[in-house]
Amino acid sequence: MRVQVSARNRAFHFEADEGEKILYAGLCAQAGLPYECATGTCGTCKAKLVDGAIDDAWPEAPGRRFIKPERGEFLMCQCAAQSDVSIEVASFVYPADPRACRVGTLSGTVGAVRPLTHDVAALEVELDAPCEFDAGQFMAVSAPGVRGRRGYSMVNFARAAQRLEFVVKRKPGGGFSEWLFSEQAAGARIGLVGPLGRATFDPGLARNILCIAGGSGIAGMMSILARAKAADYFSRHKVHVFFGVRTMRDVFFLDELAAYPQADITVALSEEDPPANTRLRFERGLVHEVAKRAMAGKYQNLRAYVAGPPPAVDAAIRVLLLDAKLTTDNIRYDKFS
Amino acid sequence: MARRLICRAAEVPENGLKECEAGGGLKLVVANAGGEFFAFQAICPHQEVPLCEGLFDGSTLTCHMHLWQWDVRTGAPLGIAEAPLQRYPLEREGDALYLGGDSTAIDVGELFNGLSGATLEKLVSLARKESYPAGAVLYRMGDPAEDFFVLESGRVEFQIGRDARVDPAGFMLKKGEVFGWAALLENHPQRIASARAMENSVLLRLNGKQALKLLESDPASGYVVMRRLSGLIARFLTPAGAK
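Just so you know, the protein sequences line up as chains A and B, in that order.
Reminder that position 198 of the first sequence reads as 198 in the working numbering, one-by-one numbering, no gaps.
Reminder that position 235 of the second sequence reads as 235 in the working numbering, one-by-one numbering, no gaps.
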């Protein structure tokens, strides 16, 4: 099916397969369509149907609160073209950056599912074909029998990656995470679309780095740390990591984080006092407040990465804009939780 | 018509924001910038996000959703923002803030907002307000490019190519957007695209030569306009972030 797009600055078209979501087809065709979560919650990929027919796979998607169906608006990440369609995207759309990793439709097999805490697990996926991604990116993952997709950041970093690692938090009633924590997950076939997301790190950045992560948001930061280490980034630039969880029961990746002694790493516990005699530095408090105290006066030449539950991300962004006075291009985050 | 009370100055915290009902369904966000008050449309022009939930440091207003930013004195877009904020002039009497006159598309427009008052007034006096029904052609490719336009309301679409071989080339829908800017360039006497009103639209038409002459007499404003014009043209030509 042909998808004709009229954007604010130009018009273009691409092909979409039957059942293929319009957003994914466009991203695979190197069109820089607007999106943030790519999985139905944020509403950023809103478009308007001008002509043709579409099928909405998830009419109850939370992101639908940002659209007006009576005006023909729909979410590109949830809708597939049923005929040739003509759509309108009310933003500026440019061709994808040719230096960015190409978005593709991938498949793989779930390997080990390793519990990290009472409600967080590490998930390994063996890809059928290797893929390229940048540190900090995520995949929109689908599982058999589970409706919709979920966004998960890669934990590892490798060129031509054959294996991807993710962190999954169990959410009661959350279709994907409940499936993953069930018996059926190991060995199951899953689909992935990606890599996605703008919160990328490349060593060519040549700036100090500040990572503020709440809970499973630490996943993408681990990839950034791995990329930085491979490029000997620590010898030239400071890397600060603040990892916030509620209690010691919720913390994970302590050994993995301790493997980066050159990085300045702090674990923030919001609901209990930190234990004594730890290898890593621990502080009591919400992660954005702990970061704010520790970072005062250290914001020069800095790029910040933020990930985690939306309220934690918003609070951190507030600190980065109002206290740190960072410019918006140096605050990178993807809200897909 | 009676003046419309927006709110009391004391209700807006220092370097803070407050959403106010201006009557007639009009909602505004009022910003207190160190004791000076500015009012804007209450909802982000990007998505349906209330700006009163945004971030404000006394000079820059940021929508928390996608970090679009504006200069609080003018509503001019900063950084990644793709549209200006519509600013509503306020009049202060004691502690009371009233809605002042209506701001025109030129005041809020991406090229001219925030210019010196005298230059803005002269620009407004150059402008002729025109209404077009849906479907009306504003100009065709190859027509002489003497005037440029500021969108007041409605929607205008562009096409490139002629006859059977025409391709869509984007559209305008925000109050204050400027098009037909070939009239502000030297050596571009002809239209390079066709423009058509796709809804009933209201436009301000300004003569390019007259506007340039006016800006020459106020080079500080002229410099700002030229900088913005080059940014605007670049936006239609190059990928975001490309150097």
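Treat the hints loosely; a few may be bogus.
Listed below are the simulated BS3-like cross-link pairs for lysine-lysine, each with C-alpha atoms no more than 27 Å apart in a straight line [unchecked claim]: (1) B:K122 x B:K213; (2) A:K238 x A:K171; (3) A:K68 x A:K48; (4) A:K68 x B:K174; (5) B:K18 x B:K174; (6) B:K27 x A:K68; (7) A:K48 x B:K174; (8) A:K325 x B:K213; (9) B:K18 x B:K122; (10) A:K298 x A:K325; (11) B:K18 x B:K129; (12) A:K48 x B:K27; (13) B:K213 x B:K27.
A few chain A residues that don't get close to chain B, going by computed Cβ distances all over 10 Å [as the list claims (entries may be wrong)]: (14) N9; (15) D84; (16) S91; (17) T327.
Residues of chain A clear of chain B, computed beta-carbon distances all greater than 10 Å [said to hold, decoys possible]: (18) A90; (19) S142; (20) R227; (21) D329.
The hints are simulated quantities; they were obtained by calculation from the structure and are not laboratory data.
Beta carbons: idealized from backbone N, C-alpha and C, even for Gly.
Going down the list of hints, with the structure as the test:
Distance check on the hinted pair: K122 (chain B) and K213 (chain B) sit about 11 Å apart at the alpha-carbon level, within 27 Å; holds. Taking the CA atoms of K238 (chain A) and K171 (chain A), the gap is near 35 Å; set against the 27 Å cutoff, the hint is violated. Using a Cα cut-off of 27 Å, the hinted pair K68 (chain A) and K48 (chain A) holds, with the two alpha carbons roughly 9 Å apart. For the hint linking K68 (chain A) to K174 (chain B), the alpha-carbon distance of about 18 Å falls within 27 Å, and the restraint holds.
Restraint check for K18 (chain B) and K174 (chain B): the C-alpha separation of about 24 Å stays at or below 27 Å, so the hint holds. Distance restraint check for K27 (chain B) and K68 (chain A): the Cα-Cα separation of roughly 20 Å lies within the 27 Å cut-off, and the hinted pair is therefore satisfied. A C-alpha spacing of about 17 Å is found between K48 (chain A) and K174 (chain B), which places the hinted pair at or below 27 Å, so the restraint holds. For the suggested pair K325 (chain A) and K213 (chain B), the alpha carbons sit about 39 Å apart, so the restraint of at most 27 Å is broken.
Distance restraint check for K18 (chain B) and K122 (chain B): the Cα-Cα separation of roughly 33 Å exceeds the 27 Å cut-off, and the hinted pair is therefore not satisfied. Between K298 (chain A) and K325 (chain A) the alpha-carbon distance is near 11 Å, which keeps this suggested pair within the 27 Å criterion. Restraint check for K18 (chain B) and K129 (chain B): not satisfied, since their Cα atoms lie roughly 33 Å apart, outside the 27 Å limit. Using a Cα cut-off of 27 Å, the hinted pair K48 (chain A) and K27 (chain B) holds, with the two alpha carbons roughly 26 Å apart.
Annotation: proposed proximity of K213 (chain B) to K27 (chain B) is violated, straight-line Cα distance about 38 Å (limit 27 Å). A Cβ of chain B approaches the Cβ of N9 (chain A) within 10 Å, the least distance being about 5 Å, so the stated non-interface status is violated. In this structure D84 (chain A) is separated from chain B by more than 10 Å, as the shortest Cβ-Cβ distance comes to about 15 Å. Against chain B, the non-interface label of S91 (chain A) is violated: not every CB pair exceeds 10 Å, the least being about 6 Å.
Not every beta carbon of chain B lies more than 10 Å from that of T327 (chain A), the smallest distance being close to 7 Å; the non-interface claim is violated. Look at A90 (chain A): its CB is around 7 Å from the nearest CB on chain B, not clear of 10 Å, so calling it non-interface is violated. Distance check for S142 (chain A) against chain B: the nearest CB is about 26 Å away, which clears 10 Å, and the non-interface claim stands. Chain B leaves R227 (chain A) outside its interface by the beta-carbon criterion, the shortest separation being 20 Å against a cut-off of 10 Å.
For D329 (chain A), the condition that its CB be more than 10 Å from all CB atoms of chain B is violated, with the nearest at approximately 7 Å.
In the structure shown, a violation is registered for the earlier hints numbered 2, 8, 9, 11, 13, 14, 16, 17, 18, 21, in ascending order.
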